[in-house]
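Participant: Protein chains in written order, with our numbering: chain F, 1 to 945; chain G, 1 to 111.
Keep in mind that the hints were calculated from the coordinates and are not lab data.
Don't take each hint at face value.
[Stated by the list, open to error] 16 Å max Cα-Cα, derived EDC-like pairs, lysine to aspartate or glutamate:
| hint | chain 1 | residue 1 | chain 2 | residue 2 |
| --- | --- | --- | --- | --- |
| 1 | F | K672 | G | D99 |
| 2 | F | K672 | G | D101 |
| 3 | F | K672 | G | D59 |
[Claimed, not checked] Covered stretches of chain G, as calculated for chain F (at least 3 residues, CB under 8 Å):
| hint | stretch |
| --- | --- |
| 4 | 4–14 |
| 5 | 18–25 |
| 6 | 30–44 |
| 7 | 63–74 |
| 8 | 82–95 |
[What the hints assert, rightly or not] Short, incomplete list of chain G residues facing chain F, as computed with Cβ under 7 Å:
| hint | residue |
| --- | --- |
| 9 | M1 |
| 10 | V50 |
| 11 | I56 |
| 12 | L57 |
| 13 | D59 |
| 14 | I77 |
| 15 | V78 |
| 16 | G98 |
| 17 | V103 |
Think of the CB as a built atom: it goes at the ideal place given N, C-alpha and C, for glycine as much as any other residue.
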Amino acid sequence: MSLFLIVALPFIGALVPGLMIQAGRRACALATLSVTALAFIGLMTHVPAVLRGEVVQARVEWLPALGLDANFFLDGLGLLFAGLILGIGLLIIIYARYYLSREDPMGQFYAYLLLFQGAMVGIVLSDNILLLLVFWELTSLSSFLLIGYWKHLPEGRQGARMALAVTGGGGLAMIAGMLILGEIAGSYDLTVILQNREAIQSSELYMPALILILLGAFTKSAQFPFHFWLPHAMAAPTPVSAYLHSATMVKAGLFLMARMWPVLAGTDAWFYIVATTGLVTMVIAAVIALFKDDLKALLAFSTVSHLGLITMLLGLGTGMGAVAAVFHIINHATFKAALFMTAGIIDHETHTRDIKRLGGLRKLMPATFVIATITALSMAGIPLLNGFLSKEMMLYEASHTPWAGSYWVVPVLATVGALFSAAYSFRYIWHVFFGPVRKDYPSKPHDPGFGMLASPAFLSVLVVLIGIMPSLAEPLVRLTAAAVIGGELPEFHLQLWHGVNAALVMSIIAVVGGVILLALHRPLDRAWIAAPRPEAKIIFDAVVEGAASGSRWLTDRLHDGALTRYAAIFTVTVLALAVHAYLTGGISRPTRAMMPPGVVPTIGWAMLLIAAGCLVAFHRRRLVALVLMAIVGLVVSVGFVYLSAPDLALTQISVEVVTIILLLLALNFLPKTTPSESSVARRVRDGGIAVVAGLGAGALIYALLVRDFAFPTISEYHLANSYKGGGGTNVVNVILVDFRGFDTFGEIIVLGIAALVIYALTEALLSSPVRARLLAWTDESPDAGDAHPMMMVVVTRVMLPVVLMVGVYILLRGHNDPGGGFIAGLIVAIAVVMQYMASGFAWAEARQRYPYHGAIGAGVLIAGLTGIGAWFAGEPFLTSAYGYIHLPPIEEFEWATAMGFDLGVFLTVVGAVLLSLQSFSRIARRSGDRVSAHPMDIDPSREEC
Amino acid sequence: MELLVASAIGALTAAGVYLVLRQRTFPVILGVSLLSYAVNVFLFATGRLVVNRPPILSDDAAGYTDPLPQALVLTAIVISFGMTAVVVMIALGAYLSGDDDHVDTRPGADT
Numbered sequence: 001m002s003l004f005l006i007v008a009l010p011f012i013g014a015l016v017p018g019l020m021i022q023a024g025r026r027a028c029a030l031a032t033l034s035v036t037a038l039a040f041i042g043l044m045t046h047v048p049a050v051l052r053g054e055v056v057q058a059r060v061e062w063l064p065a066l067g068l069d070a071n072f073f074l075d076g077l078g079l080l081f082a083g084l085i086l087g088i089g090l091l092i093i094i095y096a097r098y099y100l101s102r103e104d105p106m107g108q109f110y111a112y113l114l115l116f117q118g119a120m121v122g123i124v125l126s127d128n129i130l131l132l133l134v135f136w137e138l139t140s141l142s143s144f145l146l147i148g149y150w151k152h153l154p155e156g157r158q159g160a161r162m163a164l165a166v167t168g169g170g171g172l173a174m175i176a177g178m179l180i181l182g183e184i185a186g187s188y189d190l191t192v193i194l195q196n197r198e199a200i201q202s203s204e205l206y207m208p209a210l211i212l213i214l215l216g217a218f219t220k221s222a223q224f225p226f227h228f229w230l231p232h233a234m235a236a237p238t239p240v241s242a243y244l245h246s247a248t249m250v251k252a253g254l255f256l257m258a259r260m261w262p263v264l265a266g267t268d269a270w271f272y273i274v275a276t277t278g279l280v281t282m283v284i285a286a287v288i289a290l291f292k293d294d295l296k297a298l299l300a301f302s303t304v305s306h307l308g309l310i311t312m313l314l315g316l317g318t319g320m321g322a323v324a325a326v327f328h329i330i331n332h333a334t335f336k337a338a339l340f341m342t343a344g345i346i347d348h349e350t351h352t353r354d355i356k357r358l359g360g361l362r363k364l365m366p367a368t369f370v371i372a373t374i375t376a377l378s379m380a381g382i383p384l385l386n387g388f389l390s391k392e393m394m395l396y397e398a399s400h401t402p403w404a405g406s407y408w409v410v411p412v413l414a415t416v417g418a419l420f421s422a423a424y425s426f427r428y429i430w431h432v433f434f435g436p437v438r439k440d441y442p443s444k445p446h447d448p449g450f451g452m453l454a455s456p457a458f459l460s461v462l463v464v465l466i467g468i469m470p471s472l473a474e475p476l477v478r479l480t481a482a483a484v485i486g487g488e489l490p491e492f493h494l495q496l497w498h499g500v501n502a503a504l505v506m507s508i509i510a511v512v513g514g515v516i517l518l519a520l521h522r523p524l525d526r527a528w529i530a531a532p533r534p535e536a537k538i539i540f541d542a543v544v545e546g547a548a549s550g551s552r553w554l555t556d557r558l559h560d561g562a563l564t565r566y567a568a569i570f571t572v573t574v575l576a577l578a579v580h581a582y583l584t585g586g587i588s589r590p591t592r593a594m595m596p597p598g599v600v601p602t603i604g605w606a607m608l609l610i611a612a613g614c615l616v617a618f619h620r621r622r623l624v625a626l627v628l629m630a631i632v633g634l635v636v637s638v639g640f641v642y643l644s645a646p647d648l649a650l651t652q653i654s655v656e657v658v659t660i661i662l663l664l665l666a667l668n669f670l671p672k673t674t675p676s677e678s679s680v681a682r683r684v685r686d687g688g689i690a691v692v693a694g695l696g697a698g699a700l701i702y703a704l705l706v707r708d709f710a711f712p713t714i715s716e717y718h719l720a721n722s723y724k725g726g727g728g729t730n731v732v733n734v735i736l737v738d739f740r741g742f743d744t745f746g747e748i749i750v751l752g753i754a755a756l757v758i759y760a761l762t763e764a765l766l767s768s769p770v771r772a773r774l775l776a777w778t779d780e781s782p783d784a785g786d787a788h789p790m791m792m793v794v795v796t797r798v799m800l801p802v803v804l805m806v807g808v809y810i811l812l813r814g815h816n817d818p819g820g821g822f823i824a825g826l827i828v829a830i831a832v833v834m835q836y837m838a839s840g841f842a843w844a845e846a847r848q849r850y851p852y853h854g855a856i857g858a859g860v861l862i863a864g865l866t867g868i869g870a871w872f873a874g875e876p877f878l879t880s881a882y883g884y885i886h887l888p889p890i891e892e893f894e895w896a897t898a899m900g901f902d903l904g905v906f907l908t909v910v911g912a913v914l915l916s917l918q919s920f921s922r923i924a925r926r927s928g929d930r931v932s933a934h935p936m937d938i939d940p941s942r943e944e945c
Numbered sequence: 001m002e003l004l005v006a007s008a009i010g011a012l013t014a015a016g017v018y019l020v021l022r023q024r025t026f027p028v029i030l031g032v033s034l035l036s037y038a039v040n041v042f043l044f045a046t047g048r049l050v051v052n053r054p055p056i057l058s059d060d061a062a063g064y065t066d067p068l069p070q071a072l073v074l075t076a077i078v079i080s081f082g083m084t085a086v087v088v089m090i091a092l093g094a095y096l097s098g099d100d101d102h103v104d105t106r107p108g109a110d111t
């Protein structure tokens, strides 16, 4: 099976549980199981090749320009981790089937689990480090969903947030580290990077890259001081804890350190950072674990401690250290997953995880007792179980490792760690299963069914098998360790009896000490509880709260709601940049001859300047300002006509009409005057900014207008191909519907969205307290004597068909003469709006048969379908075609697929304009505009008078 | 002619900026509308000013003006209507629900 498929299967399969849950919980679990099983089998098909020492690869270029390729490779290390992820995943899926209660949404659970599984498999099989980072972040996100699965529990939500903040934050650091690493090696492919040990370690960027990458690994693998998120993540359902904390999530950090071992390890920096962190984590977490009363918290801290142990082994930078680390990764995954499952069983059966409320379960839950004892003794490092073997190797490595010249620091601390590890393992057995049977369990405990016991039982068999016959695991360890080291393996042989050596002595001290500590647990526990110690969650919350209030303070300072200030700052900044550009850049001499200004253009120019000046002077009288703005718009339209832009003129004048109507509608409810508020200084300041901005804009365009194009324009192409390629002589329209059709398609969608936003805002407004206000609205200005003048009503109704006709004409001729969908849409919209104005909103609306939303949707659809039509001709989206048809009574006429597109534009524009205006009119309706019932009933208010 | 167009753009920009810096919603909307005139004419003018040569292909035309800025400005005009409408709606909603048409959040306001 291709590596792509192995990685993709869990992601694709994540859809399955959601669908299969309809068929029942058993079907859902089975479907999930088969997805993982399929991926697992796919992985197993590669085992022979990997055993032969080959590296299985699958490569696809994704974004080669960024160095991001979908490259995967499978070697010993990848095989071990992918096998653990998928194999333990199988057991977890079976276990969760029986663990989850009826109220828990199982489909969601399995979907999250598969997403997480896919992300993990992606990490361990990625060849490209950028791809690896993508999967790395995916594990943070999907584990967030898993940890917070019980959404009703505040601990679950907080734990999920904390895990995401810590591991996600570390992931960000790692991105930076990986990018540096890729830059040094000149490639983002792991297989290449791993060949560049000398270049990387001699680079001056080695230290920053190392620290950043280790930040990612340490946060993920819960190393001190980032260990605190792991115990809080225990609020998750137990199958999640078992999965995340034994085989997957927290092992991702270890995987990364192992993966990068050949290029990063072996330096002093690596040893002191990694080995020290691991050692400290191992000891501190083991001590804390002994005093945790919550079964899962105890296991969580024991996980942290064992992760520290493995980190330390990797940090040694020696071949044997790597071998021991790999072996302990395997052993820890087996016994820790089983232990979590037994904790889950106890919780499930007794309804408590508090060790102080348990005890005596040996007789009540014999099967669980046996499994828990075997696996916990393995964790303690008792001979004949697999934990013993790797712990011995660790102690042996520790016994001859100097630390800053001292030969006793590492061995002593390692022994202390092992001692506490033995103590909490014994406590897990002794305080839970031994002692008298109690009468006050929250629920009557008994062994669960086979389904729940199967997975941990299977794992405990593995624990014993490897413990007695370590040679069984040896090929796997050799294979994986060879991949980690990337070179010659040191001489070693996994065996039970190494003779009496330092490690055995340390081991005996640890076990005996562990028993003594357990005996002394009660007084020690009292002392522990009494002792002051930092609580990680409180510190974390304080840090988060501090960061949040700091950024809130900064945002409040920068963003205090003074829009005018932002506008002023923005304008001044733009002006400053423009001045800078002018002062530092050069400017060529004018090359274009100026056109002599005619008399008519000069009059228009004067009108525009006077209107703009009056607009500023009289802007407080809002109605007057609106009239002045209409004048400006008209002059601009006329200017377009004069300057050879008939299409623009038509568009501008029709938009002008709609805009003014819209503003009039709004003004109905806004104050009619603007009070004078600004101080003189403020007005002078604003005036200054405005004048400088105006001078700048004017000077810039003047400079452009008196020079020729700096580069040859692409307009020649459009002019030459408009008729040949687009079948139209109106080049502007052909550009809109053909050359730049995709832009236009986007623009009509924006227009439609704007109209729908207005509609939604109106809806929200009318369902808010504003509605009552509108109902009680009294207009302070007196009504015109005649709200619906007879002349206007009659004229608009007679004109309606004529205007519609004009609209259709403009639409149809648009391809060859000024016109087209935009202009036609606006004209038709104006025709309908005239009915609104003359006969009243209610009258017009009562006669409206189709909702305007439909017109917008139909328009976008028609335009889109016209574009898709090109696919059937084997052309790209929106390629147009045209031809000629001769119908006998009419003369020959042209057709073009662009007409369909323009029809879509037309419908969207009509719908959008009318929906906007209608929305405003609905506000007016609320304030008491009455409905007239008869077609020629002109003023409904008159009858009541 | 060039001077007329350039000075008109300058005047529209100045008037627009001044109104945008006012404190009530309605003048700000007028200011934005004036600015969009200025920007549209500016963009249009980057195709240089040509009289009597519309970009409508015909056999007896002496030449054509640059059609590309026209096409860009045409959609810009329509879109600016949509944007004006949304802004007006927001201003209206804010005024109706808060009985206040200031654009700045003033000290002591509850939002």
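Participant: Decide, hint by hint, whether the structure agrees.
Facilitator: Hint check:
Under the criterion of a C-alpha separation no larger than 16 Å, the hint pairing F/K672 with G/D99 is consistent with the structure, at around 14 Å. Our distance criterion of 16 Å between C-alpha atoms is met by F/K672 and G/D101, whose separation comes to about 12 Å. A threshold of 16 Å between alpha carbons decides the hint, and for F/K672 with G/D59 the separation of about 54 Å lies outside it, so the pair is violated. For the stretch 4–14 of chain G, the assignment as covered by chain F holds, since 11 residues bring a beta-carbon within under 8 Å of that chain's beta-carbons and 3 suffice.
Judged by the Cβ-Cβ criterion of 8 Å, the stretch 18–25 of chain G is covered by chain F as claimed, because 8 of its residues qualify and three suffice. Under the rule that three or more residues need a Cβ within less than 8 Å of chain F, the assignment of the stretch 30–44 of chain G holds, with 9 such residues. By the rule of at least three residues with a Cβ nearer than 8 Å to a Cβ of chain F, the coverage given for the stretch 63–74 of chain G holds, with 9 such residues. For the stretch 82–95 of chain G, the proposed coverage by chain F is satisfied: 12 residues have a C-beta within less than 8 Å of a C-beta in that chain, meeting the threshold of three.
With its C-beta approaching chain F no nearer than about 4 Å, G/M1 sits inside the 7 Å limit, and its interface hint holds. For G/V50, the interface hint holds, since its Cβ comes within 7 Å of a Cβ in chain F; the closest pair sits about 5 Å apart. With its C-beta approaching chain F no nearer than about 5 Å, G/I56 sits inside the 7 Å limit, and its interface hint holds. For G/L57, the interface hint holds, the least distance from its beta-carbon to any beta-carbon of chain F being 4 Å, beneath 7 Å.
Taking 7 Å as the C-beta contact cut-off toward chain F, the hint placing G/D59 at the interface is violated, the least distance being around 10 Å. Annotation: interface hint on G/I77 holds; nearest CB of chain F at approximately 5 Å, less than 7 Å. A least Cβ separation of about 5 Å between G/V78 and chain F falls short of the 7 Å threshold, and the interface hint therefore holds. A distance limit of 7 Å between C-beta atoms decides the matter here; for G/G98 the minimum to chain F is near 10 Å, and the interface restraint is violated.
Hint status for G/V103 relative to chain F: holds, with the closest Cβ pair at about 4 Å, below 7 Å.
Comparing the model with each numbered hint stated earlier shows that hints 3, 13 and 16 do not hold.
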